[in-house]
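Peer 1: From first to last, the protein sequence lines are chains A and B.
Once you know that position 38 of the first sequence is 38 in the numbering used here, the rest is easy, because the numbers rise by one and skip nothing.
Going from the second sequence to the numbering used here is simple: count from 1 and add 1000.
A couple of the hints might just be wrong.
[Said to hold, decoys possible] Keeping only pairs whose Cα atoms sit at most 16 Å apart, straight-line, the calculated EDC-like set for lysine to aspartate or glutamate is:
id, chain 1, residue 1, chain 2, residue 2
1, B, K1093, B, D1023
2, B, K1102, B, E1027
3, B, K1003, B, D1023
4, A, K11, B, E1053
5, B, K1149, B, E1128
6, A, K11, A, D44
7, A, K39, A, D20
8, B, K1061, A, D58
9, B, K1003, B, E1060
10, A, K3, A, D20
11, B, K1127, A, E12
12, B, K1061, A, E73
[As the list claims (entries may be wrong)] Pairwise CB distance ranges, derived in the manner of DEER restraints:
id, chain 1, residue 1, chain 2, residue 2, range
13, B, K1004, A, V61, 22 to 32 Å
14, B, N1042, A, Q13, 31 to 41 Å
15, B, I1009, A, I47, 23 to 33 Å
16, A, P22, B, D1010, 38 to 48 Å
17, A, D44, B, R1069, 30 to 40 Å
18, B, F1034, A, E51, 23 to 33 Å
19, A, E40, B, E1043, 26 to 36 Å
20, B, G1057, A, P22, 18 to 28 Å
21, B, N1148, A, Q13, 23 to 33 Å
Rather than coming from a laboratory, the hints here were simulated on the basis of the structure.
For clarity, every value in this text was computed on a predicted model and none was experimentally measured.
Quick reminder that beta carbons are idealized off the backbone N, C-alpha and C, glycines included.
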Amino acid sequence: MIKILFFASLKEQLSIDALDFPLTESITVAQLVDELVLKEASIDRDILSAEDILVAVDQTVVSSDFLVRPGSEVAFFPPVTGG
Amino acid sequence: MIKKVVVQIDDFDVNEETAFLVDISKEVGGINTFLGTVRDVNEGDTVTGLRLEHYPGMTEKQIHAIIDRASSRWSVLGAVVIHRVGDLQPGEKIVFVGIASKHRGDAFRACEYVMDSLKTEATFWKKEVTEGEARWLTTRQTDVEALNKWQVD
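Please model the complete structure; the sequences and the hints are all you need to start from.
Peer 2: Quick look at the structure:
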């Protein structure tokens, strides 16, 4: 199982802030996106894989070929605008 | 180096935070502080409020890493970063960055570096409420350029 989080505009566009997703073996971030689109009705591919969307695994920003292991926390979010 | 990193809904007291930096050590000879507040006009529109969201856990981790990077480049004896989240009104305080160093040059530069890094790296998102609508802000090119100027050749 992995925990998936969505933030800010992405959370609003998908109308979901978090979900638990079954994962028994490691897959890449890109494969995870494919799986999510396939198995979760609320996940829209165009929204989740928009060019500017960032992905963090266990609270570190990673690229799409990063391996997600079972037990990880994966977050999707738009570019940051703090300060 | 002493670090204080807080993400909170409540307001903070600039004098209290500055006093914290003064009290860190008798070695401190210069403290530079930055205070960010909510503007009432943005991109030509009247702003009536701001909603700030963040990624609890990751945000704090990132701010600690930003301070550590600043400390590896400049002499930093103490650093305070306070960032507010939740609903804010024009004129309210959003962010405080304070750096205590032996000498002013390090304090000035480290403070600006931490602030520039916060803007483009820390997981905060602003939603601006203008008359009639709410919109998520997008990254400003000037903020990206502000961080790029710190890149070592």
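Peer 1: Would you mind marking each hint as holding or not holding in the structure?
Peer 2: Checked hints:
1. B:K1093 to B:D1023: Not satisfied, since the Cα-Cα distance of roughly 23 Å exceeds 16 Å.
2. B:K1102 to B:E1027: Since the Cα atoms of K1102 (chain B) and E1027 (chain B) sit roughly 6 Å apart, the hinted pair holds (cutoff 16 Å).
3. B:K1003 to B:D1023: Status holds; Cα separation ~13 Å.
4. A:K11 to B:E1053: Between K11 (chain A) and E1053 (chain B) the Cα gap is close to 11 Å, so the pair holds against 16 Å.
5. B:K1149 to B:E1128: violated (28 Å)
6. A:K11 to A:D44: OK: K11 (chain A) and D44 (chain A) at ~12 Å, within 16 Å.
7. A:K39 to A:D20: At roughly 12 Å apart (the allowed maximum being 16 Å), D20 (chain A) and K39 (chain A) satisfy the hint.
8. B:K1061 to A:D58: It holds: about 11 Å lies between the C-alpha atoms, which stays within 16 Å.
9. B:K1003 to B:E1060: holds (11 Å)
10. A:K3 to A:D20: holds (5 Å)
11. B:K1127 to A:E12: holds (12 Å)
12. B:K1061 to A:E73: Holds. K1061 (chain B) to E73 (chain A) sits at ~15 Å (cutoff 16 Å).
13. B:K1004 to A:V61: 22 to 32 Å: At roughly 24 Å between Cβ atoms, V61 (chain A) and K1004 (chain B) fall inside 22 to 32 Å, so the hint holds.
14. B:N1042 to A:Q13: 31 to 41 Å: About 22 Å separates the Cβ atoms of N1042 (chain B) and Q13 (chain A), which means 31 to 41 Å is violated.
15. B:I1009 to A:I47: 23 to 33 Å: holds (29 Å)
16. A:P22 to B:D1010: 38 to 48 Å: With a Cβ separation near 39 Å, P22 (chain A) and D1010 (chain B) satisfy 38 to 48 Å, so the hint holds.
17. A:D44 to B:R1069: 30 to 40 Å: holds (36 Å)
18. B:F1034 to A:E51: 23 to 33 Å: Holds, since F1034 (chain B) and E51 (chain A) (Cβ atoms, about 32 Å apart) stay within the stated range.
19. A:E40 to B:E1043: 26 to 36 Å: holds (35 Å)
20. B:G1057 to A:P22: 18 to 28 Å: holds (23 Å)
21. B:N1148 to A:Q13: 23 to 33 Å: holds (29 Å)
In the structure shown, a violation is registered for the earlier hints numbered 1, 5, 14, in ascending order.
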